[in-house]
Amino acid sequence: MAPSLIRSPVQLPPAEALAISQQAPAILQSAPSAVSSSILSKEKSELWIEYENLILSCLRTGDERAAHQCLDRLVTRFGEDNERVLALRGLIKEAEAQNNGELEKVLKEYEEILSKNDSNIPIMKRRIALLRSMGRVSDAASALVQLLDFSPTDLEAWSELSDLYFSQGLYPQAIYAMEEVLVLAPNAWNVHARLGELQYMAATASGAGNGAYQKQMAEALKRFSRSIELCDDYLRGYYGLKLVTKRILKDSAKPTKQTDDGDFSLPDTRTIERLNELATAKLAEIIRHSSANDRGWRGYNAAEVAAARELLSEDASSDIKR
Amino acid sequence: MAQVPVQTIHRDPQLFYWILFPITIVMILTGILRHYATVLMASAPKKLDQKTTREQRSLLHGMQVRSSFHALSKRSFNSRRDALITAYESGAYLKDPERKGQPPANPMTDPSSMEGMMGMMKNQMAMIIPNTLIMSWINAFFSGYVIMKLPFPLTIKFKSMLQAGVATKDMDPRWMSSISWYFLCIFGLQSVFNFILGNDNAASQMAQQMGQMGPQTAQMFGPGVDPNKQFLAEAENIAVVDHYSVLDGVEDRLLEGIRV
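Chains as they are written, first to last, in the numbering used here: chain A, 1 to 322; chain B, 1 to 260.
Hints may be right or wrong, so weigh each one.
Stated by the list, open to error - Cut-off 27 Å, straight-line C-alpha distance, at most; resulting in silico cross-link-like pairs (DSSO-like, lysine-lysine):
id: 1; chain 1: B; residue 1: K95; chain 2: A; residue 2: K125
id: 2; chain 1: A; residue 1: K116; chain 2: B; residue 2: K95
id: 3; chain 1: B; residue 1: K169; chain 2: B; residue 2: K159
id: 4; chain 1: A; residue 1: K125; chain 2: B; residue 2: K47
Bear in mind the hints are in silico, worked out from the structure with no lab data behind them.
Using the sequences provided together with the hints, build the complete structure.
Written out as structure tokens, the structure reads:
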């Protein structure tokens with residue numbers, strides 16, 4: 001199945017991105033270079049999204065000429081000063097930059113644009129991304145916080161902030177930012193699972209006290225459960241659930257009964273065992289179907305399936321040892 | 001039983017070509033013209049500066065927190081609630097905190113809201129002027145004719161609607177006068193415009209009137225609304241939320257719901 005150009009190509013594996021960018025000449029040729037504004041021409045907004053996505057994939061695969069052509073068409077339609085066009089132009093410049101000095105120059109341009117118009121969100125985001133890729137993480141974080149101060153309903157920015165904090169090992173901040181994403185998209189199962197992963201890592205990484213550890217493990221367990229509840233057969237959710245329950249059972253520390261409300265406490269051991277069994281069975285099912293390439297079970301990420309297989313085999317070997 | 005004799009009126013077939021078609025075509029053309037006039041006159045949406053954006057989005061953020069509190073744990077929700085209420089009540093998100101508590105400025109004197117009103121005026125004019133012109137054109141040239149017979153029977157109530165301008169008591173309501181055809185065109189051409197101009201056209205005034213009644217969200221940040229009052233109301237709304245979490249008992253629900 002050819003990947004659709006309407007969807008953002010950011011998540012695509014390299015092979016598909018290459019396939020898309022190889023279509024670029026055909027697409028550029030089939031669409032008229034300038035849209036006439038007569039009654040008869042039906043201008044479709046999908047076309048412009050396609051151009052944007054084409055730019056992204058072309059830059060990824062190094063086809064800068066096609067990227068420039070797409071950009072030119074966007075410029076003829078929306079003008080030089082459109083916020084998104086500015087951001088895309090900046091993106092192309094970033095991609096073409098050969099060394100750090102040129103990147104600095106692009107950064108200067110962004111700051112110049114922002115000094116003229118301080119609510120240009122696409123450019124602000126480009127600047128943050130550039131700062132991060134140049135390794136100035138703390139600058140990027142403070143710029144993101146500034147952006148979120150005046151636009152706290154920006155889901156993308158919150159998740160980027162969460163990722164940024166996570167890369168610095170600041171788990172509580174990362175969890176807070178991820179919770180903000182959840183506030184804006186309360187039924188996103190991948191966000192629930194991600195939050196569970198963050199809680200799990202926070203619990204296992206720090207030398208947190210027993211109370212905090214258990215609370216975080218309990219919440220991680222519940223987050224993974226919720227993500228599965230929202231999306232059946234969600235591999236990451238089951239993987240996380242398996243990981244968490246395994247860890248809790250291995251600790252076999254007596255769950256300290258917390259009575260203060262407001263925090264989650266672990267369910268009883270019987271429930272955890274059943275959850276563990278459920279996750280194991282489901283993971284095995286997913287692995288079996290997906291490696292047999294059954295109808296309705298395609299589309300799992302191969303790396304994730306391999307990781308799940310490894311987790312299960314590890315589990316089996318430890319069972320034998322016992 | 002006596003059969004009611006079918007009324008027949010001998011019309012000049014030329015009436016059909018010289019009245020019915022011209023009215024329809026003129027209506028369609030005015031619709032298209034109005035669409036393009038509206039497109040041309042539309043002013044670009046005004047850019048919001050950072051402070052206004054902040055004010056509006058902070059309020060939206062509060063609403064989001066209130067409506068999806070169940071995704072958060074109690075501790076996280078409480079900390080957000082406290083922070084939001086404190087900020088809302090102190091007016092930290094206001095565009096200009098000094099003017100807190102003062103009555104909102106008169107929308108007539110505020111240039112930014114004047115622009116919005118001008119836009120509305122323009123739209124209204126684009127509707128009223130062509131309608132008046134066509135109406136008087138039809139009245140001057142075609143009033144008093146019966147131009148067509150509808151292919152389906154109607155009750156007597158429709159007489160006043162379909163035979164405007166023809167004062168004949170006993171005529172079957174299926175007969176239609178030119179003015180009535182004009183009104184029918186006003187209401188019935190929406191789908192034709194959709195076909196020609198695409199879905200979000202500005203050709204039909206019916207759609208515009210619907211639009212004015214419809215969305216309340218546009219009014220939320222409109223002129224003359226005191227943001228401080230909105231913030232205080234939202235703070236109260238958040239304060240009374242009775243928190244529960246979807247995570248309560250989720251593992252039991254999962255074990256109940258999923259069988260391998």
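Handout entry: Violated hints - listed by number, lowest first
Key = none
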